[in-house]
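Q: Chain by chain, the residues run as shown.
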Amino acid sequence: MKFTLLSVFACSPAAVIRGVAPEVQSKYLQSLHCGGEEVALSAINDDYCDCDDGSDEPGTGACSGQEATLFHCPNVESTPQVVYASRVGDGICDCCDGSDEAHLLGQRACPNTCREEGQRQSAEREKKLEDLRAGLKVKLETISQAKQQKQEKEEQIQRINGELPGLEAQLTELLKKKEEADAVRLQADCKTELPRLRQKVKDLEEKLASLESQLARVQGETTSTTTKKVVSEYAKWMDGADAMEDEKDETDMEPDTTSQDTQEVDGGVASNAVSSDRADQEEDPLEKELKEMEGVLKSNKDLRSRLTKELEELREEHFGFASLRDKCLEFKSSEYTYKLCFFKDAKQSFTRLGNWDGFTSPTEAVFKNGEMCFGGPARSLKVSFQCGATEEVVSLDEPSRCNYAAVVRHSGACVETMMEELESPRIRHPKEEL
Amino acid sequence: MEVVRRMSWVFLILALTVLPAAAVDRSKFRTCEQGSFCRRYKKWISRPEREKALWTVLPQTRAPLPEGGFSFQVKHVNEETPHLLLKLNIYASGMVRMRITEIKPLHIRHEIPPGDVVSDPPPAAAKVSEADESGKSIFKFATADGTAAEAILHHSPLALEVSVGGQILQRLNARNMLNFERYRTPKERLPPDTASVAAPDTVLLDAAAHPNGLDTNGLWEEPFGGHTDQKPRGPASLGMDVSFLGDVPSLFGLPEHATKASLPFYQEPYRFFNLDVFEYEIDEPMALYGAIPIIWAIHRLGGGQTVSSGFLWINPSETFVKLERDTPDGKGGPAHAWWTSESGVLDTVVMVGPTPKTVSAQFHDLTGHGPMPGLWALGKHQCRWNYMSEKDVATVDSMYDKYDIPYDTIWLDIEHTDGKAYFSWNAAAFPNPKQMIDNISAKRRKFVNVVDPHIKKDEKFHVYREVRDKGFFVKKVSYKQIDDPTDVKPADWVEETKIPDPTATQPPEWNTEEDGPWVAPQIDNPAYKGAWHPRKVNDPTPDLTDFEGWCWPGTSLYPDFTDPAMREYWGSQFALDKYTGTNADTYIWNDMNEPSVFNGPEVTMPRDAIHPNGMVEHRDVHNMYGYYVHRATFEGLQKRTPGDRPFVLTRSFFIGSHKYSAIWTGDNYAQWSHLKASIAMVGALTLGGQSLVGADVGGFFKHPDTEMTVRWYQLAVLIYPFLRNHAHLETPRREPYVFDEKTMLRIKASLQMRYKMLPLWYTLFHRWASAAEPVVRPLFWDFLDDPQTHENEEALESQIMLGDSLLVHGIAKPSSEQSEATVYLPKASGWYSIHNGAFKAPGAHVHKLDLDSIPAYYRAGTVVPLKSRIRRSSACMSLDPFTLNVYLNPQTGAAKGRLYIDDYRTRTYQDVGLLCARKIDFTCSARLGTRTHHAKASFEETLKSSH
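Those protein sequences? They're chains A and B, same order as listed. Going by this note's numbering, the first sequence opens with residue 1, and the numbers climb by one from there. Going by this note's numbering, the second sequence opens with residue 1001, and the numbers climb by one from there.
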């Protein structure tokens, strides 16, 4: 059994129902039901909450705590808004017209600031509209470029796919030729040695047996091994170079930079060593041709995998952000310089905050798996894009340790529908951006 | 905030390499056995023939005390003259206080200044009728409620018996464990013929005087954990036992320990030594941040009568308490406690009850009543280590508004400062702090900033310079040994190593003219005593320099807050023109005030540091350091905004902290065990007078999952008077709005329930401030006659009462492990579910659990004051109408309740009595339907006029 005693302040009957938008007023001319019971019209705005959804008290704070029925402020000369019932009569001026605190009188009354607010808002809207228009223009260009690029890339991939079998066949042919030529040359070399060695036989009889056996071995092996050795050394270098390239591509996606760094260093040293070795040798035209052919093949394959990756990274719905490709934006805080390189990585001075992990929504992206925090998670950076014609980092914070958050202005975040909202602003809702 | 919690990276690495994850580092903290005085006391009380009378009260020496009461001299059986003085006071509210100190101590024995713990003037003396019988002095008096009581002082052996209604409840020194180490001159400095040194082995005095057979380690210096405690004054510990008589099923109290509500009888004594404990564990007698050494006992007497009594041990030095039973199973029968403290005087108070309500009233009669907190302090507090910028603060604030979630206060932890120089701002992140706080004020909300007591050593920091120049910093003594100037070489001391051989004679053939004069050959001097050195003594005027320790700022100094002049200075720093960037809605959080010294012994200040105020050793005042810090802050805020109710949160505290501060249970952990333990910890603290108390919701260390977060909020909104969400720097954000929508809505619903119930909370705080009733309390406090509340595990450890009206059962396991709870509803006329109004008879009930709520029941016959309009802060709701929910007693059709209203923020309720406190009696003769009635009572007019 529950009794409720409460104080009541007088509410004057009015022609319009307080707190209700003009277009909804008519609803209150008919009967009102809530919780399966009809509510007397006299109970509307009587400052006593009869309905859990607040529908009987659209104009008072009596049903504070629910969000089904919101209080409507006309805000003439500014934008109408709805506020939570909890804001009505709480002593804080929430609406520029002061209608939420109509009971405050005299000095404590809320001043009507709608004209100023309206002017400020329309100036802000104007600025936003300007930004939006400019942004949309940039975005359109970016998208059309991106589309064109996409087409080009696809064509290139197609081209490569078409050319590759022919190139591979050519390479096989060349390899065969070279193998044969090498075998011939090496055998010839050995033959010129032979008379000289025979000359030595007399002086070095004790060594003859061994030399002969050596010779026999050389003769026996020349056809197969020697040729292969040259090829395999080159292949090794190529493999190394390939591995290095692949490694680089992969580590862009992978968390572990340190291994990437070492790989890069090792790879660099190795390739230098090999090329300097090779510089000592006389260049065989056939070998040169072979090398070139292999280079062509590899660069085609590399290009194909890069283009494929790029196409996958930037889907059509994010073409507006295509201009961020190969671009880094900087942000200076009092302590650090942040560098956000899109589709690559983000850094806080020398600390890697994360590698590009892709978009998570139409206007959000994330860099993940940065350097580990001591005893904590790996660093990561969330990027929220905000509509604007220019490209810049607006803010960069660390809301909880090692979880960073950046706001980046970019035309990619501009959407046509924003135009409508800015041109004819809708009623403001409390859950909208504050 | 704990040590490692905010250390620099280097520091963290050092610390974590030695710490296993999620566990307290025991090696850092002393046990009884590792401290010399406790070890000595333990050995001493296990001596053979303990029953032999050692201490005798000399009745003929009885004299009235100027402050009321009597004194007696006390003589040791092996001494000629009495050396101790016993003071006995009987207070009218029903307390017997016994103090023992030295008559002529060699050094001043530290006594807490009047008014700091025990009110000044002390409580009114009882009317006492005296009778001397052989061997005892009897004092008859009546408790406040008229119950006849007696205090009987037995002369030999000294013992004090306190009885109520003819039943003995407590006996002090019942087991003859009273020990009192008098300050002594070190043995080597005594003349060799001194009696005490020559005393035979069988004599038992104390360890310093008579080390034979006892443990002499650590008497004059004591190493621990790489530090050596210099003790130039020598040992001065004291100890005594108390027995709680009758059948005593449970003891309660002893805050602050992370233990159970019904205190376990651990092997290791409970320790009181205020410390910054990193990642404390549950079910432990280890010391924590604060100390209120009070024991509550339940006595089941003959004839089905159950009464309650309290025992308070007032000593701010390190203290151990051991709970013991006669029976090995540790259940039933009398319960005993022995206590020992490192220094100071023995000061004990028996609160004779005989009801829990009177014990609480007696405690507050002794220590003072708590002030009404501002209503906002009972709302939701949102804290984090750390909100990093003004924008961050504004965002948190607006996100609460976005989802219409109520909250009252936003907090900034240490990172807001300029290099941890408190009273300053990090200018890059907080360029316009005043504007930031003004924006919070504009939402009718409040702001709390952390100000820790350690002072950054930085010439540019004005507080450092000023405290240093005033000489207020705690000092370090550079102990050195010098030659004793009183020691002179004895006249007969022979120092010559060689002498001419006395047996040698000049040979006859010696020709003096040719050979020169004859000289006897040198031989070793048989009388040689060795080189004489004066004996070494401690330099009586050693160098005193400011003590420097490590804390958040790096090198830090620690003001002597025991000095009223220092407190005055400190308080003045909060003036709005001094503490720039703050406004009158800014309140203060004192953390790290144990004090925490990262590189100190046990992460605190060395015991041999010197407080310049009276040249008191830190050991003498250690457990009160935090108290003096938060009191200075409170008094400063009082001066800053006259008429306003200050708010200070403190981590460290002592008996009497309730007059100044809110406390929280420190750096807890996001674990179910910590959620559950908070019920017992809050209950123990409220029994210690500290009603404005709470634990960090969600746990400070680590991150709670959504279910734990929801369960923690559901419990906290109903049983934490101080409701704060806080989190470690290294955890993800956990403000209510960051969770998934379902979770967010559950948290929001909990917070809305809290705000709805604020009138009940506020009314209960008035009962606390005016009538000493704890706001939240273990079940026995209201239902002493129901034995289940003394022994039922669930009723003791999972349940607690909010006032006399709401019973709450905490859920401390995930739903995967627990799908139902057994709720014990004590003997009353019935109970109504807070959630759906369902009526339940007393007894055990199985409650099916869902994630939307935890079990909670209003007692039948209660009128509960509420506010149904939930707004964004408590101030926004201040003028809203009240809703009275009436939970009828089904037998009588009646219900009673209270409602207290004032202006919620100023001291006018105290100063000019501008308040409205109403008893509500509701009766209905006819059976009523369940329809909700609107009624305008004439009483509401009274309410309005009282504003």
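Source of the hints: derived by calculation from the structure; they are not laboratory data. Remember, predicted model here, so these are calculated numbers, not experimental data. Be careful, since some hints might not be right.
Unchecked claim - If you want a taste of the chain B side facing chain A, the calculated C-beta under 10 Å gives, among others: (1) F1265; (2) E1324; (3) R1325; (4) D1326; (5) G1330; (6) G1332; (7) G1333; (8) K1391; (9) D1404; (10) A1429; (11) N1432; (12) R1444.
To be verified - Partial list, derived from the structure: chain A residues whose beta carbon lies under 7 Å from chain B: (13) T79; (14) P80; (15) Y84; (16) P111; (17) N112; (18) E330; (19) S400; (20) R401; (21) A405; (22) H429; (23) K431.
All residues carry an ideal CB built from backbone N, CA and C; glycine is no exception.
Q: Compare the structure with each hint and give your call.
A: Hint by hint, here is what the structure shows:
{"no.": "1", "hint": "F1265", "in the structure": "violated, 38 Å"}
{"no.": "2", "hint": "E1324", "in the structure": "violated, 42 Å"}
{"no.": "3", "hint": "R1325", "in the structure": "violated, 43 Å"}
{"no.": "4", "hint": "D1326", "in the structure": "violated, 49 Å"}
{"no.": "5", "hint": "G1330", "in the structure": "violated, 41 Å"}
{"no.": "6", "hint": "G1332", "in the structure": "violated, 43 Å"}
{"no.": "7", "hint": "G1333", "in the structure": "violated, 46 Å"}
{"no.": "8", "hint": "K1391", "in the structure": "holds, 8 Å"}
{"no.": "9", "hint": "D1404", "in the structure": "holds, 5 Å"}
{"no.": "10", "hint": "A1429", "in the structure": "holds, 8 Å"}
{"no.": "11", "hint": "N1432", "in the structure": "violated, 15 Å"}
{"no.": "12", "hint": "R1444", "in the structure": "holds, 6 Å"}
{"no.": "13", "hint": "T79", "in the structure": "violated, 18 Å"}
{"no.": "14", "hint": "P80", "in the structure": "violated, 19 Å"}
{"no.": "15", "hint": "Y84", "in the structure": "holds, 5 Å"}
{"no.": "16", "hint": "P111", "in the structure": "violated, 14 Å"}
{"no.": "17", "hint": "N112", "in the structure": "violated, 18 Å"}
{"no.": "18", "hint": "E330", "in the structure": "violated, 18 Å"}
{"no.": "19", "hint": "S400", "in the structure": "holds, 5 Å"}
{"no.": "20", "hint": "R401", "in the structure": "holds, 5 Å"}
{"no.": "21", "hint": "A405", "in the structure": "violated, 10 Å"}
{"no.": "22", "hint": "H429", "in the structure": "violated, 10 Å"}
{"no.": "23", "hint": "K431", "in the structure": "holds, 6 Å"}
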